[in-house]
Amino acid sequence: MHEMAITQSVVRAVAERCEGRDVDQVTLLIGRLSGVVSDSVRFCFELCTMGTELEGADLDIVDVPGRARCRECEELVELPDFIALCPCGSADLEIVAGQELSIQSVEVKV
Amino acid sequence: MCSTCGCAGDGDPVITDPAHVHSHDHDHDHEPGHSHGHGHSHDGEGAAPHVQAPVTTETLTLEQKVLAENDLGAARNRGWFDGRGILALNLMSSPGAGKTTLLVRTITDLAGRRELSVVEGDQETLFDAERIRATGTKVVQINTGSGCHLDADMLARGLRVLDPAVGSVVLIENVGNLVCPALFDLGESARVVIMSVTEGGDKPLKYPHMFRSADLLILNKVDLLPYVDFDVGRCTADARRLKPDLEVLAVSATTGDGLDQWYAWLDRTLAPAVL
Chain A
6 MHEMAITQSV VRAVAERCEG RDVDQVTLLI GRLSGVVSDS VRFCFELCTM
56 GTELEGADLD IVDVPGRARC RECEELVELP DFIALCPCGS ADLEIVAGQE
106 LSIQSVEVKV
Chain B
57 MCSTCGCAGD GDPVITDPAH VHSHDHDHDH EPGHSHGHGH SHDGEGAAPH
107 VQAPVTTETL TLEQKVLAEN DLGAARNRGW FDGRGILALN LMSSPGAGKT
157 TLLVRTITDL AGRRELSVVE GDQETLFDAE RIRATGTKVV QINTGSGCHL
207 DADMLARGLR VLDPAVGSVV LIENVGNLVC PALFDLGESA RVVIMSVTEG
257 GDKPLKYPHM FRSADLLILN KVDLLPYVDF DVGRCTADAR RLKPDLEVLA
307 VSATTGDGLD QWYAWLDRTL APAVL
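If you're matching them up, the sequences are chains A and B in order.
Quick note, the first sequence lines up with residues 6 to 115 if you use the numbering used here.
Quick note, the second sequence lines up with residues 57 to 331 if you use the numbering used here.
Just chain A, same shape as in the assembly (with noise of 0.2 Å):
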């Protein structure tokens, strides 16, 4: 399960912008084409936070739906999947959105 090592990668990359100040809570974006699953996030983030500045902050996922632009007829389309098609027939889709992984924001006491 990566997720483990994906929400460890948040743990740290928060606790050191946020140099020993407690941290309310962690905004993260999470594309549904990432590869990584909300959920497991979810669940390693309790276990993560555990003696860290961020035990019982709140985890906040923006979901990011799956966007593509087809090369052929420049629509914007839908993209549940990588294999997805464009309702003009063509696979050859520039995905535009949903691949996100990112940290967006953290709140903290002041």
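Calculated from the structure, these hints are not laboratory results.
Computed from a predicted structure; not experimentally measured.
Errors might be hidden in some of the hints.
[Said to hold, decoys possible] Across the chosen pairs, the derived CB separations fall in these ranges:
1) A:ASP86 - B:THR181: 34 to 42 Å
2) A:ASP97 - B:LEU280: 33 to 41 Å
3) B:ALA293 - A:MET55: 42 to 50 Å
4) B:ASP68 - A:GLN30: 26 to 34 Å
5) A:ASP27 - B:ASP285: 51 to 59 Å
6) B:ALA246 - A:GLU99: 16 to 24 Å
7) A:PRO92 - B:GLU303: 27 to 35 Å
Backbone N, C-alpha and C define an ideal beta-carbon position, used for all residues, glycine too.
Fit chain B to the supplied structure of chain A, relying on the hints for placement.
Frame of chain A, contents of chain B only:
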């Protein structure tokens, strides 16, 4: 971390040069009653809700990639390889696809033609490193413990022990897993996915991240095609739905069928790396 029982519990990978394995015993004094003190009381917990003073918070914007730390390590490894003219291949597959057999066969067939060394990644044991070492090739084993993939930092530490020659080929056998290694860049020159025909042809569509990330797909164990229901054309087409320019080679590491194509691919890929 203790490589016997992992008692430090911090999940650190263990890097072993199988040429220098020695016995390792020490005491494991875990206090049976070691306490975890709490510095606050829980009076009234579960009863009346706490009245909390309003907490003022400040928002820090990070907009930082979660894998930034690994990507930075991968960039360092890539520079390290480039500076030494080393071709590094990240070999990924499910367990039992024949990665180690392909490596042993490659090492044997290319003996005297190419200088190779190997990084073995497994959760536990030195089994694979011992198989490589038996061929006389330099090898280092990374045991990830509970980890399901190699990451850039583990590889960097393994490379310091391996000390591969300038202009050589480093073959990195990742932990057998078609899911997790897909997300972790090691700083390799190319990513090679190995799939055996006994696994069934549906793997590319089931594990799209892995196949999308590949530069080369090797279909192994083709000598067993008469005995299994596997359509090479269909599997290739499925993999190319995910990665249209994916090169696909059908080989048998046991009989040697198709391995000439693999060696030709290595020659082609190596050329820009060493020039």
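I'd like to know which numbered hints this structure contradicts. Please list them from smallest to largest. Structure breaks no hint.
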